[in-house]
Structure formats: structure tokens, C-alpha cells
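**Student:** Dock chain E against chain S, hints included.
Same order as they appear, the protein sequences are chains S and E. The opening residue of the first sequence carries number 1 in the working numbering; numbering runs sequentially from there. The opening residue of the second sequence carries number 1 in the working numbering; numbering runs sequentially from there.
Do not rely on the hints blindly, as some may be mistaken.
[Stated by the list, open to error] Anything over 12 Å on all C-beta distances counts as not near chain E; from chain S, calculated:
(1) R24
(2) I54
(3) L290
[What the hints assert, rightly or not] Taking beta-carbon pairs under 8 Å as the criterion, some of the chain E residues facing chain S (in silico):
(4) A80
(5) V103
(6) F113
These are calculated hints, taken from the structure and not from any lab test. All residues carry an ideal CB built from backbone N, CA and C; glycine is no exception.
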Amino acid sequence: MSNTNNPRRTAAETQAIVARSLKRRYWAERRFRLYGLAAVCAGMAFLFYLFFVIFSNGLGAFRQTQLRLAIHFDPAVIAPDGNRDIDALRAADYQALIRAALKSRFPAVEGRAASRELSRLVSGSAAFDLQQRVIGDPGVIGTVEDLWVLASDAVDLLKKGHIDRGIPEDERPLSDAQLSWVEQLEADGALALKFNTTFLTGGDSREPEKAGIRGAVVGSFLTLMLTLLLSFPLGVATAIYLEEFAVRNRWTDIIEVNINNLAAVPSIVFGLLGLAVFIGFFGLPRSAPLVGALVLTLLTLPTIIIASRAALKAVPPSIREAALGMGASRIQMVAHHVLPLAMPGMLTGTIIGMARALGESAPLLMIGMVAFIVDIPTGFTDAATALPVQIFLWSDSPERGFMEKTSGAIIVLLAFLVVMNTAAVILRKRFERRW
Amino acid sequence: MPDESPLLAAMDSRATVGTITVPDPIFACRDVDVFYGDKHAIRKVGIDIAKNQVLAMIGPSGCGKSTFLRCLNRMNDTIAGARVEGQILLDGKDIHDRKQDVVQLRARVGMVFQKPNPFPKSIYENVAYGPRIHGLAGDRVELDEIVNHSLQRAGLWDEVKDRLQQPGTSLSGGQQQRLCIARTIAINPEVILMDEPCSALDPIATARIEDLMEELRQSYAIVIVTHSMQQAARVSQRTAYFHLGDLIEVGETDRIFTNPRHKLTEDYITGRFG
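Chain S with its partners taken away, still in its complex shape (with noise of 0.2 Å):
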């Protein structure tokens, strides 16, 4: 009757069937690309939106408000008795020249509260900022220079519009007084938004006005350059030794059953085991980048060493065996042949790790990474703090200000990780071979 293998149907019965499954075939493959289109739009638009938050927040804190005022350094001030060495530049009182200043600018005001609240307009890092000028050129005292100053945390606020007027006075961080002077000094064009390098070149600060992240980013790139240095070659090392040289038993399979596991460990476990450990029993110096680097080591190994392993593994067989076969020893047949091969693997994994330390806080913690500190760290010894840490503390303090410092730091925090990735995808294509 037919030729078919079912000899109940007819072939031209068979292809019905064919084409009526084909259209539910066609539906489901279409669904399920439909199902992936709607959730990588999904991402990109909760991305997007992360983004657009991040920034619109965080690139106030590159722009500081500054007052421009006519100072006079008064000789009568700094220096009463004609002592110029710098101790006693040092010790001079910088802030009566401010006041000075603003008194000139505001002659009306009269009486002590009305002074200090027009003094409250002008940062308190002012005065300091005066006194650097002096110390560094001493020259200048005796003369009147127009010179911009850091305004204060509100004067800034209400510049960058995150106060509202029409809330009553007693509610206000800036009073109506305030208000007016620093309207009087907008229309003479002597505030201004300038460009913010204290972020990028100061320490942190209580003051908002005067915080920066110098500190945090020489912290993260001190901590994670002692990361790279101790995690990679120690990472590779490892995946070479299990991967090439280890015989195979029962202690090989424990050791790859806890490198594993270990990937999985909190990060903050790191952190504590660091504290008892590092600082502990070696007595190495709380906050440093040193443990600091010790702990983020802990933490990337399980991730290089896996992902080197994963390198080794998919270098074909046939290469080792033609490198064995003409009589190279193993450590020529991994130096020569299988590193070079597996090394774009190794890398990205070490990047992946070295990207996921860049990110962590919590072990960092533990280690009194966290402490508030002002000066930048010059050394791994050093007393330090890194970015995610930063973004932390100013997240968690109250003035309005850090709000968008926290979002400005996240978007350097960004700029790291691309400019790491992006070093990641050169290094890989210049590594990359072909067989």
C-alpha cells in the first residue's frame, strides 16, 4: 500500500501531520524568542533607569558652589608682629579675613547673630584654603584679591535647587536673612557653580562642601594592585599545579570540592577570618591595604584559580601531546605551548575576580577599612579606605550634601570597572591565538 514504516498511513497522511506539528513548532520557537526579547528589554530598561538615576544625582557633586569675595589680607591679622615664618602663618586667624570680607560686602549688617549667620555662608574650609594660599606664597598678604571660596553645604543646596523657599523659615537650613544675601550676590554674579576638583583631588570630610574621594581611590587602587599581584600569579600557579602536575586521588578531589565551595563563601566570612587572622595573630596594622589586599587575595583565588582551570582544560589535548611528543619536559609543554593558549582565559577570569574586589565592602568591614580618615594613604601600611567603603559612609551620613557625593563616587566606582573591563577585552584580543 505504502512505503512508509507505518503501515496505517498513507505518506501523503504522514505529511499532514508534519505540517500541522510544524506551525506549533514554528509558535513555540517564536514565544520563546518573544519571552527573551521582552526580558533583555526589561533589563535594559531598569538599566537605563539606574543610570539616569545615578547620574542625574551624582554629577551635582563635580560642581560646587563657590562665592566670589574680596579679601584682604590684612597684615594687622596674619601677621600682628611681623613674624612671617610659617608656624605663624599657620596659626593666624583666616577666618576673621572671611568675616572681614563679607562685612565689607554687607556693610548693613550690624550686631553678632546677624554676622555669624552671613559668616554660615561661606564654608569653614575656607578659611583653610586661605591660609594654603598664604603659606604658599606669602607674598600676597598686604594686597586685596577677588578670590572665589567654598560656599557652604546650604548655600550649595540652594543653588543646586534641593531647598524649597516656600517651607517656613524655622524649617530652613537657611534663614530669610541668608536668603536675601545670597540673592543679592547671585544677581551680582559672585556665586557661582564651578567645577568641583576638591572631589576628585580631596580626603573625606565631615563637611560635604569639602569631601572628596582621593583618598578612597588611591585606597581601592593601593588594595587592588597588592590584590593583582598576590592573586594572580598564585591563582595560576595553583590551576597549573591541579590542572597539569597533580595526580589524581582522593586528596586532589577534596582540594577542587573546597576551591569550589570556597567561591561560594560570604564575603564578609573573608573578612572576619582576615581580622582574626592578619590583624590577629600576625599583628599587621588594622585598615591598611595590606590586609585590606590580603582578604580581597582570599576572596578572587577560588575565581581565578576556577576559571584558569576552565582555561587549561579547553586547550586541546593533541597540542600536549605533540609538545610531550617531541620531547619537551611538562613544565616546557605548559610553558611554551598550554599557557599562551589558555592565557585569554585567564585573564578574564582574573579581571571578572578583580572587578568583584573592587566592588566589595563587607570583608573590608571587618578590617577597619571603614574608619573615617582624612588623609590620603601614601603606602600599604597606611591607614586607608576604599570606594565601595566610601560610598557606604556617605550614604549612611545625614547631611543632605553627601547624597550626591554617594551618587558621584558610585559613578567613579562605574569609570573603574570600565575602564577595567574594557582593559580585560584588549588584553584578551592581543593574547588571542588561533589553531
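**Tutor:** Frame of chain S, contents of chain E only:
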């Protein structure tokens, strides 16, 4: 001569038929057993390998011919769980002797694999690698000479002389296999082991490799594992037939293919199985 008896050996006999010895052998193997874990891969194999001859090893898949080949330069050492017993003498010295360095052994016994596996480096570097790691060339000029000479002997020089710096992997399959042969002869071995060297190649490339083997046997002993009986008949002077881990029959190639003396050999070469 007793082994020229026309009688077929009994079907169930697994003792090797034919003459396993040759005068002045380069390799003398006796009672070689190989185990992969619990699996007994080859049993009590004994055979001599002559200088300046091609020995072909044939047999159905899984018969142990490649396993035996890999014993000769101790490549089985690289397989976890592999164990080799018995005696394998290279020029009268046991290759499993503690004093025998495996790196040196592999420099004396080169190997060409089934799938061409040039290093992902330039053609020049592929050939120069062996001489370089063994320190065979004193200077750059000498190294150039070795590379040039090896490529010429492998019949590849004319095709690649203008592109020595291109990757070895950019060559065609047949060229790659000849590059692997050039790489092997660059370290001047005494024996070349070939594990189905033509199974991934087209007939023209295969013919070139076969011509090459005929030429190379003037200087080297060659052992080839092949699935093609025609190839074995064309290139070899002696043939060994393996069956399920046993060496069934050894003899002059002409004799094996015209007058096999074991029933299994006869069945295989007449195409009844395998």
C-alpha cells in the same frame, strides 16, 4: 622453515603466529601488557622492530595497536591509570629503566599523530621548536639550516619557503601533517611512530605522505598504525595483525597479504570483519 607452513592456525589460538624476531632490531619488545585501570588493553605482545623498515600494525578498532605504539615512546605515561608491564628494549636498553630519561627517549623516538597537530605558532617555529628545546642548534644560522633541511626532507619546502612566518595552522591538512613530520625529523630521531597519519587526509595528500615514508625509511625505522590495508600493503615491509589486545600474526607484508596463516588474519584482510 616452520613458520612458512601453509596450515591455518586454530581459530581460538591467541599465540602469535609468524617470526617476531629480526636481525639487529632497534626495538625488541617481549611480554608487553598494558592496563588502563582494570582494563587489560594488550596482552603479552612480543615483536622486534627492524631498522630502515616500515612496520605496519593493522587490526580492527580497539585491538590495541595504537596502545602498543604509544608504549614505544612511553606516551602512555601521560594517561592517568595506564600501566605498562613487560620488556621494551631500545638498542638493548630497557626504556622503563630508571636511568632512562623519558624526555631523551622521546627525542629518539618521534611521533606523528592521527590528527595533524601543529603548534599554534609560525611554520618556522613549529620546526625549530624541537631543536631549540634540545639545544641542537648552536646559532641562528644552524637553526635555519635544520629547519630548511627538515622541511625539504618532508617535501614541504617548496610550498612554504615564502611564508615561513605564517601560522602552521594556516596550511592544508596534508601540509600540516607533513609539517608535523618535518617537526619530528628536525630532532633527528631513530624511530618515527605514526598513528594513523593519513586518516584525516584526502587520497592525494595520503599518496604524498606514503612517498615520504618510503624515502624516510632509508634513514629511520618507521612504525605505522593504519586502518587501511591497502596502505599497509603499499608502504610496509613487515605487518603485524592485532586482534582484541593480542598480537595474532607477524610477517613479511607480502606474505601476510597473500598467505595469512591465522584464521583471524585471513578474515580481516579478506574483509570478512573489521
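**Student:** Classify the hint on E/A80 as holds or violated, based on whether any CB of chain S lies nearer than 8 Å to its CB.
**Tutor:** Holds: closest Cβ of chain S sits about 6 Å from E/A80, inside 8 Å.
**Student:** Please settle this one: S/I54 was flagged as non-interface, so is its CB more than 12 Å from every CB on chain E?
**Tutor:** holds, 43 Å
**Student:** Less than 8 Å between beta-carbons is the criterion; does E/V103 satisfy it with respect to chain S?
**Tutor:** holds, 5 Å
**Student:** Decide, holds or violated, for the assertion that all CB atoms of chain E are farther than 12 Å from the CB of S/R24.
**Tutor:** Given a closest Cβ separation of 42 Å, the condition holds.
**Student:** For S/L290, which was marked as not at the interface, is the minimum beta-carbon distance to chain E over 12 Å?
**Tutor:** holds, 40 Å
**Student:** Against chain S, is E/F113 within 8 Å by beta-carbon distance?
**Tutor:** holds, 6 Å
In summary, the structure agrees with every hint in the numbered list given earlier.
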